[in-house]
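Engineer: Spelled out, the chains give:
2 protein chains.
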Amino acid sequence: MSKIETHTISVLVDNKFGVLARVAGLFSGRGYNIMSLTVNETQDPTRSQMTIVTAGDETVIDQIDSQLSKLIDVIKVEDLTHRNFIERELALIKIHVTDDNKKSQIIQLVEIFEGKIVTVFKDEFGIEIAGRADKIDNFVTLLADFGEIKLARSGRVALSREKEFYTDLQSKS
Amino acid sequence: MSKIETHTISVLVDNKFGVLARVAGLFSGRGYNIMSLTVNETQDPTRSQMTIVTAGDETVIDQIDSQLSKLIDVIKVEDLTHRNFIERELALIKIHVTDDNKKSQIIQLVEIFEGKIVTVFKDEFGIEIAGRADKIDNFVTLLADFGEIKLARSGRVALSREKEFYTDLQSKS
Chain A
54 MSKIETHTIS VLVDNKFGVL ARVAGLFSGR GYNIMSLTVN ETQDPTRSQM
104 TIVTAGDETV IDQIDSQLSK LIDVIKVEDL THRNFIEREL ALIKIHVTDD
154 NKKSQIIQLV EIFEGKIVTV FKDEFGIEIA GRADKIDNFV TLLADFGEIK
204 LARSGRVALS REKEFYTDLQ SKS
Chain B
54 MSKIETHTIS VLVDNKFGVL ARVAGLFSGR GYNIMSLTVN ETQDPTRSQM
104 TIVTAGDETV IDQIDSQLSK LIDVIKVEDL THRNFIEREL ALIKIHVTDD
154 NKKSQIIQLV EIFEGKIVTV FKDEFGIEIA GRADKIDNFV TLLADFGEIK
204 LARSGRVALS REKEFYTDLQ SKS
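Each protein sequence line maps, in turn, to chains A and B.
The numbering used here puts the first residue of the first sequence at 54, with every later residue one more than the last.
The numbering used here puts the first residue of the second sequence at 54, with every later residue one more than the last.
Remember, identical chains collapse to one label, so a pair may be satisfied in a single copy or spanning two.
Below, simulated DMTMM-like cross-link-like pairs (lysine to aspartate or glutamate); rule was C-alpha separation at most 25 angstroms, straight line:
no.	residue 1	residue 2
1	K129	D97
2	K169	D187
3	K156	D198
4	K203	E140
5	K169	E140
6	K155	D190
7	K155	D176
Think of the hints as simulated: they come from the structure by calculation, not from any bench.
Start from the sequences and build out the full structure, keeping to the hints where you can.
Structural biologist: Given below as structure tokens:
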């Protein structure tokens with residue numbers, strides 16, 4: 054059996070009723086897993102852009118790519134996985150903390166990870182952080198030690214890079 | 054007829070096959086529009102969190118909220134619209150530009166909007182920006198004057214705020 058790999062697939066669609074239901078139905082009907090999905094209108098209001106993260110072996114991924122391309126209102130399918138691409142995610146995190154020492158540690162952690170404190174009220178912070186999925190995983194793990202958190206993540210957004218040998222400027226964390 | 058309003062709905066679901074297809078199917082089957090949708094696993098790997106942005110008059114929104122709650126594997130539906138909440142979005146933008154003067158103007162624009170240049174290669178920049186949807190709209194509009202852009206947006210992520218009278222710390226732009 055071939056190796057299970059995570060794939061990031063970018064799908065450009067006509068912004069018509071039911072296109073998301075057809076895409077989601079393709080995955081669920083065939084038992085393919087969706088790890089994350091984002092969909093949003095593009096600059097052209099007649100089109101939407103999806104980024105889907107899924108996992109499977111080579112056969113399954115080939116089937117997904119090919120079946121997605123055949124769906125009505127799907128314009129373009131790009132499997133970015135073995136290409137040069139940028140991938141980022143956004144998270145909003147709410148944390149409840151009463152201890153003043155912990156509060157300053159949290160503020161430092163947010164600075165190190167280049168996040169932003171977007172709301173503050175007595176014993177609660179609202180934090181915004183963007184970056185690679187593994188950076189956000191680390192941040193959330195570290196933050197969870199300080200108090201109860203509530204989390205909303207965007208799922209991954211990705212863009213292919215036309216040229217090879219790009220520099221991907223790493224975030225500090 | 055009552056007023057058409059944009060609503061942000063947060064949906065916590067069991068992370069089971071087909072739950073996204075059921076949610077998307079509910080919207081398309083009844084002709085409700087989805088403006089953006091994000092879905093991602095939570096810290097608890099058995100659960101996923103969706104943020105859906107939709108528009109409709111009061112009757113339609115009431116129907117959406119109530120029908121979502123009745124779906125299998127849907128644990129909790131929160132319509133955040135008339136509550137205190139934080140809403141953010143992430144965009145990745147690729148821009149092609151050859152003129153050196155334009156390049157420095159782009160770098161300044163990225164600084165003003167608190168974005169990040171995440172890749173660079175000869176005549177192309179890759180930019181990451183997070184913030185409210187209207188801030189990202191503005192940034193993209195300004196950037197598009199400098200050259201051809203390619204855009205991937207995450208759709209909105211939202212978190213309710215338990216307490217009233219929060220300070221929402223504005224971004225500079």
